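With chain A fixed as given, assemble chains B and C onto it according to the hints.
In case you want the letters, here they are:
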Amino acid sequence: MRRRIKRETLLSILLVLPSALAILVFVYGFIGLTAYVSFSNWNKLVPDYTFVGAVNYLRLFQNPRFVITLRNLGVFTGLFVGGSLVLGFLLAVMLDRRIKAEALFRTIYLYPLALSFIVTGVVWRWLLNPGSPQMGSTGINLLLEMMGLGFLKTGWYTDPRIGIIAVAIAAVWQMSGYVMAMYLAGLRGIPEELREAARVDGASESQIYRFVVLPLLRPITFGALIVLGHISLKIYDLVVAMTGPGPGYSCDVPAYFMWELTFRANRFAQGAGIAIILLVIVSLLIVPYLRYSLRREVEA
Amino acid sequence: MRVKIGRIFLYLVLVAFAAYYLMPVYVLVVTSLKSFAEVNLYRMWDLPHSFSLESFRRALFGGMGYQGLGPNILNSIIMVIPATLISAALGSVNGYIFARWQFRGANTLFTLALFGMFIPYQSILIPLVQTLRAIGLYGSIPGLILTHVIYGIPITTLIFRNYYATVPKELVEAARMDGAGLLGVYRRIMLPLSMPGFAVVLIWQFTSIWNDFLFAVTVAQDPAVQPVTVALNNLAGSFIVEWNVQMAGALLAALPTLLVYIFLGRYFMRGLLAGSLKG
Amino acid sequence: MKFSKILAVLVAFGILGFAQVGSPLVLDKPAALKDIAVAVFGDASYAPAIMRATNSKALVDASFARISRLDEVLPSGAKVWIPEEAWAKAFLAVWDPNRVEDLFGGGKLVVGSWWTAGGEAEGLDALFGLYRGNYPDVVIVNATIAGGAGFAFKAVLKPRLIAGDPPDTFQLHAGLEVEGYSPETYLRPLDDLYSIFGWDKVFPPDLLTLMRYEGHYWGVPVNIHRANVLWYSKEIFAKYNLKPPANWDEFFQICDFLKSKGIVPITLANAGGWEAPHLFETILASTLTPEEYRGLWTGATPWTHPGVTKALEILKKILDYVNTDYSAHTWDTVLEYIAAGRGAMNVMGDWAMGWFMAKGVDVGWAPVPGTKGVFDALSDTFAFPKRAPNPINVIGWLEVCGSKEGQIAFNMRKGSIPARTDITPAEKAQFNPYLQSCMEDWARDAIVPSVIHGAAAPESWVVDFKDAINLFLVTKDVARAQAALVAAAQAALGK
Chain A
5 MRRRIKRETL LSILLVLPSA LAILVFVYGF IGLTAYVSFS NWNKLVPDYT
55 FVGAVNYLRL FQNPRFVITL RNLGVFTGLF VGGSLVLGFL LAVMLDRRIK
105 AEALFRTIYL YPLALSFIVT GVVWRWLLNP GSPQMGSTGI NLLLEMMGLG
155 FLKTGWYTDP RIGIIAVAIA AVWQMSGYVM AMYLAGLRGI PEELREAARV
205 DGASESQIYR FVVLPLLRPI TFGALIVLGH ISLKIYDLVV AMTGPGPGYS
255 CDVPAYFMWE LTFRANRFAQ GAGIAIILLV IVSLLIVPYL RYSLRREVEA
Chain B
29 MRVKIGRIFL YLVLVAFAAY YLMPVYVLVV TSLKSFAEVN LYRMWDLPHS
79 FSLESFRRAL FGGMGYQGLG PNILNSIIMV IPATLISAAL GSVNGYIFAR
129 WQFRGANTLF TLALFGMFIP YQSILIPLVQ TLRAIGLYGS IPGLILTHVI
179 YGIPITTLIF RNYYATVPKE LVEAARMDGA GLLGVYRRIM LPLSMPGFAV
229 VLIWQFTSIW NDFLFAVTVA QDPAVQPVTV ALNNLAGSFI VEWNVQMAGA
279 LLAALPTLLV YIFLGRYFMR GLLAGSLKG
Chain C
10 MKFSKILAVL VAFGILGFAQ VGSPLVLDKP AALKDIAVAV FGDASYAPAI
60 MRATNSKALV DASFARISRL DEVLPSGAKV WIPEEAWAKA FLAVWDPNRV
110 EDLFGGGKLV VGSWWTAGGE AEGLDALFGL YRGNYPDVVI VNATIAGGAG
160 FAFKAVLKPR LIAGDPPDTF QLHAGLEVEG YSPETYLRPL DDLYSIFGWD
210 KVFPPDLLTL MRYEGHYWGV PVNIHRANVL WYSKEIFAKY NLKPPANWDE
260 FFQICDFLKS KGIVPITLAN AGGWEAPHLF ETILASTLTP EEYRGLWTGA
310 TPWTHPGVTK ALEILKKILD YVNTDYSAHT WDTVLEYIAA GRGAMNVMGD
360 WAMGWFMAKG VDVGWAPVPG TKGVFDALSD TFAFPKRAPN PINVIGWLEV
410 CGSKEGQIAF NMRKGSIPAR TDITPAEKAQ FNPYLQSCME DWARDAIVPS
460 VIHGAAAPES WVVDFKDAIN LFLVTKDVAR AQAALVAAAQ AALGK
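Chains as they are written, first to last, in the working numbering: chain A, 5 to 304; chain B, 29 to 307; chain C, 10 to 504.
Extracted from the complex, chain A is given alone in its bound form (with noise of 0.2 Å):
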């Protein structure tokens, strides 16, 4: 038996060593290079690896359009995270209350995911698209005006205090469908004799969601978080077809000024700097809950 549970270990490990190779090279051996190109001089197109420690992660705090970025950042990241989580929370609970045509709404919801953020950002962009006093107004505020709300008539994304707002709404018109899909599984995986207890017991509804369900669905959170705080680091492909940088660089994000900085300044240094950057605001945040959220399934 425990022969049999030695051979089967190393045939386990075996299995996964191809994808651990692949990963090892492909993800932290380049990543590795990213970090020592972040702290090399090489910023012009010919490969230069001397090192000048720390100089190029001064030059980008000192530059102001990488601030910008950064908490452009935040702002997306909070508003299309809790966006989507609550807009796609809200959608699974109306449609888990046995819906005529659910499957349709369900598809409406969902067609978005399968759409590249490259046509989410042309169309967003003519709807987001304000118009203006001599040309009048198009696109959403041009909706609003026809229904008689023109008075919510925004900038949107030529608005310098809104800018990156606009790009977490089309953000969160693409994914809140996927959380909805989940949280409508995860709803539809909780028995319904736990939530008749809660209500024999004189719970109300709305407790029986904030003591009950909520709880349950917890672990689809944290998979939700995951997935979202994942693509709203890397948001690129959206901001390029929406809205570009923005008025004053309201609509800028890291990714982006990397990319300009990389391959038009040619700064190949700092242009790592900010991959290595993004990746420890990451490590910050995502690495402390994969490690308890992985503890607590190895208790449970």
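Keep in mind the hints are simulated off the structure, nothing from the lab.
Only pairs whose alpha carbons sit at most 25 Å apart, straight line, appear in this in silico DSS-like list of lysine-lysine:
hint	chain 1	residue 1	chain 2	residue 2
1	C	Lys437	C	Lys381
2	A	Lys48	C	Lys395
3	C	Lys270	A	Lys157
Listed below are several chain C residues computed to face chain A (Cβ distance under 7 Å; list not exhaustive):
hint	residue
4	Lys167
5	Tyr190
6	Val273
7	Ala280
8	Thr333
9	Asp334
10	Ala337
11	Glu468
12	Leu480
Note that the structure is a prediction, hence the values are computed from the model and not measured.
No residue lacks a Cβ here, since even glycine has one placed at the ideal position from N, Cα and C.
For chains B and C alone, kept in the frame of chain A given last:
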């Protein structure tokens, strides 16, 4: 009576949200059916005066000075199908191992793999290109397939791992009593049950690989092998942009994934219901 | 020597006389390539050129000889192709004797650019057509990637250059943009081709200065675009009896007047992030003399110069008169204002003409206020990477690009003007009225390099310049913007 009003209100809200989700499609469709002279930002919501399929024709077969999306759609198909299948297979095996066979360091390994999913791909473009070149796969569809397979490992493994974790222990125990080893359990218990998991992974991977732009434009140089996302971007042109052709092209490029979602969406849901993405 | 004297004379005078065109030659006695070379060009070293030219022809026309070795003796009756002398010289300059495969013709020509739609794609196609006429044995691969100013294209090109797998030729803005490609490492200097094909005599001296970087030429220009053009609605100007402003005072008077009429006086776009900096560079060209402007980029003029401050203040004032949705518009969509009669003026390069023509708008043009006599120039060129996979094919391409025929065909479709100065009046008459006036200005105005379009400064500086202006649009803080511009210059010039 009160319940009925509540239900009506519920349906109203659902329909209102449905309008929010369908608005962009309306714009896409309506614009692509217009001719270039009619396309106008300030009359975006207007229906076309005359329906014209010209923009679709130009988007598919090309127009003055540009190539159509037709050949590139084919390239995308050739790239996506193997990449999806291979990364699903790898994910299934890996997920199975991580769900059932805890060897020392398995959790750490899994966390490390998962974490690798978060890196911005811009930062590895240059080492990626140099590596692909070194193994002779740069600039080709196989090179793209390899790239997508490798960077898809974390997410496919995650999905399968979560899915296999929901398989009742008793089933596995029973099989082991019968003398099944690691591979036996996989073959006899896990694989037959994997359909919902595969549904989720296949749909997810198909969509993300089909819609990828960054890797496509970096790794596949020759216009003859470029996937449709790059060709779609080319339709935009550097100066004079034909919006109706772009919109038509966007619709065409999105069609396969849209069809997958519309017709296979229920399998996606079933897979989710079966616990693939519980986290 | 195995030729008869009569043939030698025929060859020496007959063929040499036509050495410019390239022509077939049928041997009447067996001869080695070396001998043919001596007879035609007076120099045995031209043998490989003849071999290559003949093999190319042989791939599409079986009547030509297929030569497999340099020292091969060809039989009597064999037909060879004598290439034009310039091409042959270029061949010798480019050819690496270790690359025997280059002697056999065929192969590909991978052309990288970001010209994918509208008139530019047609222009490129016209060049391809001319090339195919001369070199039907070569397969042209049109490796374009869309994106204004090539932002996507560059992301793809640079890793390829670094990896040693570039296209055969690629689009490059004339001027300091080439710095971003580390040309000493990745590009082939073209000085020899310039003198062989006579380009150093036919391109204007100001352009040649622009093309030189670190003492070498790195690209062959196909066109010239002008950046400092003020487009205006003839309809509105006629209606209110306005004349295009010659200076900024007149300009703001017109703006005040039009604003009171509910028309957008000056339309602006900035979705691409470069359109507003483009406007700013034309303002700079008006507040500084051409000398001072050029000096900004060499360090001769400090960025603390009052001309820069004045330019920033003018831009700030302009912002009071622009359309509120400028950050939603790309350079082309904002022209809708003029087309609809809701906006009066716009500053953009002359590629805007193509848009107006396509929409059927009768637009007027004038130099940007204060820049009469100044031509803010940019130019598209094609470069020659060192590790181009098909180097011999590139020679023909560059030749077509630099030729009068090529430039006329290309520019008529693209909406720019040829870089060459030897276009005859009859040929000029083929171009539309705007382009004709542009050509006249090109011949006599002072030329300053565009910064946004890669001529005046290396890309890292362009990005900094762009960032400073984009931030200024929102902060309107003149002092801070000027400080940022000063810092950008210091970073770039290493001071």
